[in-house]
Amino acid sequence: MIHKGRLSTLAGAFVVARRDFVAILWSRSFIFFLLGPLFPLFVGAMAGSIGAHVENAVDTPQIGLMMAGEDIDAMLTARHALEPALRDDLPDLVVVARLRHGERADPAKALADKSINGGNLSAIISGTARSPVLTGTPGRLAAWQGSVALIAARATGHGPDVLPDVALAPTATSTAAQAHNRVLTAQGGQTLLFLLTMLLAGMVLSNLMEEKGNKVIEILAAAIPMESVFFGKLFAMLAISFVGIGVWALSGAALSMAGWVHIPELVTPAVGWPLFIALGVAYFAMAYLVLGSIFLAIGSMANSVREIQTLNMPVTMGQLMVFFFASYAMARPGSGVEIAAMVVPFSSPFAMLARAAMQEGLWPHLIALGWQALWVAIFVRGGAALFRKRVMKSGPQGTGQKQGLIAALMGKK
Amino acid sequence: MLSNDWAIEARGLVKRFDGFTAVDGVDLSVPQGAIYGILGPNGAGKTTTLRMLQGIIDPDSGVRRILGADRPHDVAHRIGYLPEERGLYPTMKTYEAIAFMGALRGLPLAEGRRRGKAMMEEHGLSYAIDRQIRQLSKGMAQQVQILGTLVHQPDLVIFDEPFSGLDALNQGKLETMIRALAAGGTTVIFSTHVIAHAERLCDEVAIIAGGRVPFAGPVDVARDRIPAQVRLETRHADGPWRAALPPDARHEGALWSFPLPDTGVEPLLRALIEGEAGILSLSIERAGLHDAFVAIAGEAAAHALGQPTQEEAA
Chain A
1 MIHKGRLSTL AGAFVVARRD FVAILWSRSF IFFLLGPLFP LFVGAMAGSI GAHVENAVDT
61 PQIGLMMAGE DIDAMLTARH ALEPALRDDL PDLVVVARLR HGERADPAKA LADKSINGGN
121 LSAIISGTAR SPVLTGTPGR LAAWQGSVAL IAARATGHGP DVLPDVALAP TATSTAAQAH
181 NRVLTAQGGQ TLLFLLTMLL AGMVLSNLME EKGNKVIEIL AAAIPMESVF FGKLFAMLAI
241 SFVGIGVWAL SGAALSMAGW VHIPELVTPA VGWPLFIALG VAYFAMAYLV LGSIFLAIGS
301 MANSVREIQT LNMPVTMGQL MVFFFASYAM ARPGSGVEIA AMVVPFSSPF AMLARAAMQE
361 GLWPHLIALG WQALWVAIFV RGGAALFRKR VMKSGPQGTG QKQGLIAALM GKK
Chain B
1 MLSNDWAIEA RGLVKRFDGF TAVDGVDLSV PQGAIYGILG PNGAGKTTTL RMLQGIIDPD
61 SGVRRILGAD RPHDVAHRIG YLPEERGLYP TMKTYEAIAF MGALRGLPLA EGRRRGKAMM
121 EEHGLSYAID RQIRQLSKGM AQQVQILGTL VHQPDLVIFD EPFSGLDALN QGKLETMIRA
181 LAAGGTTVIF STHVIAHAER LCDEVAIIAG GRVPFAGPVD VARDRIPAQV RLETRHADGP
241 WRAALPPDAR HEGALWSFPL PDTGVEPLLR ALIEGEAGIL SLSIERAGLH DAFVAIAGEA
301 AAHALGQPTQ EEAA
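Chains A and B are the protein sequences, given in the same order. Take the first sequence: its letter number 215 is residue 215 in this note's numbering, and every next letter is one higher. Take the second sequence: its letter number 300 is residue 300 in this note's numbering, and every next letter is one higher.
Where hints are given, some of them may not hold.
Stated by the list, open to error - Below, a list of computed lysine to any residue pairs in the SDA-like style, where the Cα atoms sit at most 25 Å apart:
{"id": "1", "chain 1": "A", "residue 1": "215", "chain 2": "B", "residue 2": "252"}
{"id": "2", "chain 1": "A", "residue 1": "389", "chain 2": "B", "residue 2": "130"}
{"id": "3", "chain 1": "B", "residue 1": "93", "chain 2": "A", "residue 2": "389"}
{"id": "4", "chain 1": "A", "residue 1": "215", "chain 2": "B", "residue 2": "271"}
{"id": "5", "chain 1": "A", "residue 1": "389", "chain 2": "B", "residue 2": "14"}
{"id": "6", "chain 1": "A", "residue 1": "215", "chain 2": "B", "residue 2": "229"}
{"id": "7", "chain 1": "A", "residue 1": "389", "chain 2": "B", "residue 2": "72"}
{"id": "8", "chain 1": "A", "residue 1": "389", "chain 2": "B", "residue 2": "85"}
{"id": "9", "chain 1": "A", "residue 1": "109", "chain 2": "A", "residue 2": "84"}
{"id": "10", "chain 1": "A", "residue 1": "212", "chain 2": "B", "residue 2": "18"}
{"id": "11", "chain 1": "A", "residue 1": "212", "chain 2": "B", "residue 2": "60"}
{"id": "12", "chain 1": "A", "residue 1": "215", "chain 2": "B", "residue 2": "196"}
{"id": "13", "chain 1": "A", "residue 1": "215", "chain 2": "B", "residue 2": "251"}
{"id": "14", "chain 1": "B", "residue 1": "117", "chain 2": "A", "residue 2": "389"}
Quick caveat, the hints were computed from the structure, so don't treat them as lab data.
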């Protein structure tokens, strides 16, 4: 005897999700989904390449000199002599201080002094041409050690085969610099979240339109609550996205190991990488579920693809506004704007991910995730209620709904 | 108050769409184990009524109880539903589609697949088991969907215009299937705009016209709304016997037709014989469901009924 019984909302959602997941996984649209990030990557790479050239042209790194006068002159002459051969690979040299005999320099202090060279110094060379000392942050020391050695060798009358030892004096990253770098991590997280959400929400909408085209929606709506249908579709697409993210991550790792791509190093977020990644996944899921539930409600009420297209542009613009709002709020920690961004369900995942990058503490994230989940439930329930109330018209009165969705959204009867 | 004695009971169901009243106070009582027909022209409100009964859409007012439950989805696992707009996933294999429909009603997927294959074989569709839905003809896809409607062995089956899209042979098979379901204790409710199907199959019918139900009850009661018709052929064109005929009797030559008088056939027969009518033939014909429909729903609704194709009429 086969047990059969009423499906719970979640069990019904699972039946729908399982079907959708398998169907999408073996469809052509999944291939396009996987290829989706290539386009922004390509555009980004092109823009980055152009930007790098522009940046090199207009903003050549400058290294300060704090040495005895004769050493400074020798270093400047050597750089001038090397320039025709090395061009962009040489930093500009700026005289910070010509030291008198016996005078001691404090390169680290000079490096932190914003009044020197407008604060635009990548590193400082001190000591002598024969035994130079390079002071700066670890990343910059590694970048300029070779060039400084070349210049110093030339300054002392040697060729590139006899390079002097360049002593490195790394400076600790300041609190302000760390905060600045964490903003970069937060921005990176927000941007990734935004792109993924955009990609997925559009897919879930097309999936529902396809369902209406197949006319399966009535079979689903008769068998299980509409909430189950909505949740099933959302979960299926979420699972698909995790597969996609897995494929992208593995591909990125493989390409990085092969040396074909360089993964930018970001500063460790305030909550640490493991928790930040976990929160990133959770906030991605919530951002997608909030947006997807709205898209599903709209899609289920639409009578035609044209209606969807009519609303697609304002919805996309709305997404962009939410992203900009969250980015704007990130730069104003503790302000009313930041609190608003964390409370508004659409911007909350973006704002909270930025917070995870910049501030410690787990409990605000638990509250935020609960809050966002509540709104997902509200949107799904609302969408399902609207569907039962306004959709599935039949007969002659159901065929001429020229403004069905618009009227529904405007609350017209 | 609604009772639990009926498979479906509804009182005062109303549904409006954008100012249009699609269903306007429908009352229904479908007995357990019956074959129940909902008759009406296209746009009468049949589909909207069926959707409201199952909770696909919410009524604006009114109450309904289905298999004893106020919330239809609580008993969805006991219901099978074939919508008017047939829908299947085009890339699914046929037995997978049947299993999926069962899974939606709580049947484990593996069991659904097993039953799906068995049902396909039982109904002569074994050659199509591994085909995708998009590779099937419209009629075959509809048969697959009918099997999917029944795979979880529901207690109540709701068919919305089940005969449309099927050829005469498969319409006959479906009628047989409906009778078999009812014989097994399953309640079957179906809508149709072709009265012949309802006349052959149904124990009870509801006639819907303009969103209202002017009649709901046994088919015999519907027919009895119209008196039986007497067909009389006489040898003599005139005579005293003419006084026995009602004033509205019509004739073509020697062939007369008129409603059976309230007094019955015996006084009529006696008067004809005594009046020397020379009876060549006399028959009493009971009104058909179509005549009853015309009488109940009106000529306009009758004209709005879709004219059956030859296949449907068969």
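Inset, instruction - Determine which of the earlier numbered hints do not hold for this structure and return their numbers in increasing order. - result: Structure breaks hints 1, 2, 3, 4, 6, 9, 12, 13, 14.
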